[in-house]
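Engineer: Sequences and hints are given; from them, build the entire structure.
2 protein chains.
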Amino acid sequence: MLISLLALAIAAQAPPVMPPAPVLPSDAAEGDWRAIPDDELLVMTLATGKTVVIRLAARFAPEHVANVRTLARAGWWNGESVYRVQENWVAQWGDPSEKKAMAPGVKAVPAAEFEIAAFDAAQILSRPDSYSARSGITADGWPIAGDGKAAWLTHCYGMVGVARDALPSTGSGSELFTPIGQSARRLDRNYTVVGRIIEGMQYLSALPRSDATMGFYATPGERTGIASVRLASDIPAAERPKFQYRSTDNPRFAAYLRLREVAAPPTVPTGASVCDVPLAVRRVAG
Amino acid sequence: MLISLLALAIAAQAPPVMPPAPVLPSDAAEGDWRAIPDDELLVMTLATGKTVVIRLAARFAPEHVANVRTLARAGWWNGESVYRVQENWVAQWGDPSEKKAMAPGVKAVPAAEFEIAAFDAAQILSRPDSYSARSGITADGWPIAGDGKAAWLTHCYGMVGVARDALPSTGSGSELFTPIGQSARRLDRNYTVVGRIIEGMQYLSALPRSDATMGFYATPGERTGIASVRLASDIPAAERPKFQYRSTDNPRFAAYLRLREVAAPPTVPTGASVCDVPLAVRRVAG
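Sequences listed follow chains B and X, in order. Quick note on this note's numbering: the first sequence kicks off at -15 and runs consecutively. Quick note on this note's numbering: the second sequence kicks off at -15 and runs consecutively.
No wet-lab data here; the hints were simulated from the structure. Among the hints, erroneous ones may be present.
Which copy is meant is left open, because identical chains are indistinguishable; a pair holds if it fits in one copy or across any two.
[Stated by the list, open to error] Once the Cα atoms are required to be at most 20 Å apart in a straight line, the calculated EDC-like pairs of lysine to aspartate or glutamate come out as:
hint	residue 1	residue 2
1	34	195
2	84	183
3	226	82
4	91	23
5	34	82
6	83	11
7	34	206
8	91	159
9	34	47
10	91	149
11	226	124
12	84	64
13	91	47
14	34	183
Keep in mind that this is a model prediction, so the values were computed, not measured.
Structural biologist: Here it is in structure tokens:
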């Protein structure tokens, strides 16, 4: 009996004999994966124990990202909350009183980084869209749009924007939001994008909606607490998350993008919007 | 003490003296609101007690809507569940076994209603989008797109589509889904749209996501039960919900649409997509 159980256990461990999956022209090559720097990863742990990981758009919104780093290093968000969840609009977090003193070194009025320097997409989508003459994906995996004069990161589902008061305010970066429904592209060029959620989006998108004005929870008890927000670079090496993004400046991503726009028959090809192109990331060992 | 409390209560009931809000050119006139027929309202009551109301696209997908009505009248969905919730994709409900016998009178293979007869938008958006040369809103408040040859309802957030097997299957209408994230327009012309959620969307969009394959819950305990799905026309008059939609074949909605596309300064006008035009409905007394 012992022997036969052992034999079964060994059989169960043996990998099934499967032919290797064919490599498609649209598949990433190993070298297409590139590391996201530790100080461009913001790790938000909710009071529920769930973790949301944000990739920071450091080269597109340097002043706001500098503020975000300063706030994270000061532990400024620890004990704060997700205080607004508006159906088909945004989840927003930070200090609901908007009265908490900023951490030392935070620039209260950073430059408005609503637009970015240039339209530098490595892969461009075939069609104009409702919001821009051109759109595409940067080499380092950001969705971008432009009109020939200006360029901007797009407020797709899961992007992270900086909440602000009425224009010309740009916000400091202490109050952040992410679109949780239809993309929020009417915020493009009017709000600063500081990042994108690359893991744990469902812990924000599935939070209960508030029916109160603008989706701000009516009572503190409805909020979801934030245990901590840290830069990965400030997390001890042994527990530090590591991520890579799929780069797009290669023919494999170009093939992937074309497949997304032009599906194989019998499916009718419909196109693809810049917010509907999956931008792959993966967790890797430290 | 009693008197002063009474005085306070009376004071609290007195309406504050406010000037009447000015009527804007983009505001609906009273006559712009039109009744949604009782047999075009599908009322899904979840086991949680929450209600989701769907407006049926009877004139665009007549065979599928006929099936939906037959299934509702047979109580076919009662006791079934929301069995799939995939992050940034869809919530889907019906019979997870896909083995339950259809109700008598249900057409097992209805006509594929992926496209509709004509592009009959009353108001057309200014720009082409990533998925269509033209898009707009029909007079009776449906988002629509076309390419000069065909036309179709668009898979925006909150639209209701018919789940199906691989093409050329069109599905019977027993398994329904709604996009809960970024719009799902790559399903346009490949899936049949049978309606739009007009109330209670948050009771589907905020359900916990499943990490299992394609978001199908791994265990029955994760599903959200469906207490009943009924046509409003089959609900006793005293408790029957009544809804009106805002019609769009009038200059007031045209002004509203232009405002949506071209925001007032200092906001930079960004445009609007067909999925980002709110299509107003309102509950009215019976």
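Engineer: Confirm or reject each hint.
Structural biologist: Hint by hint, here is what the structure shows:
1. 34 - 195: Answer is between: at 14 Å across copies they meet the 20 Å cutoff, but 24 Å inside does not.
2. 84 - 183: This pair counts as neither: shortest intra-copy Cα distance 28 Å, inter-copy 37 Å.
3. 226 - 82: Classified as neither: same-chain Cα gap 32 Å, cross-chain 41 Å, threshold 20 Å.
4. 91 - 23: Cα proximity of residue 91 and residue 23: one copy only (19 Å, versus 58 Å across).
5. 34 - 82: Cα proximity of residue 34 and residue 82: none, with 25 Å in one copy and 33 Å across.
6. 83 - 11: Neither: 49 Å inside a chain and 36 Å across chains, both beyond 20 Å.
7. 34 - 206: Both, since 17 Å and 18 Å are each at most 20 Å.
8. 91 - 159: within (14 Å within a copy, 53 Å between copies)
9. 34 - 47: Classified as neither; 28 Å inside a copy, 45 Å across copies.
10. 91 - 149: Answer is within: at 16 Å inside a copy they meet the 20 Å cutoff, but 55 Å across does not.
11. 226 - 124: within (16 Å within a copy, 51 Å between copies)
12. 84 - 64: Intra 10 Å, inter 48 Å, cutoff 20 Å: intra-copy only.
13. 91 - 47: Classified as within: same-chain Cα gap 8 Å, cross-chain 61 Å, threshold 20 Å.
14. 34 - 183: within (10 Å within a copy, 30 Å between copies)
The structure fails hints 2, 3, 5, 6 and 9 (numbered hints given earlier, in ascending order).
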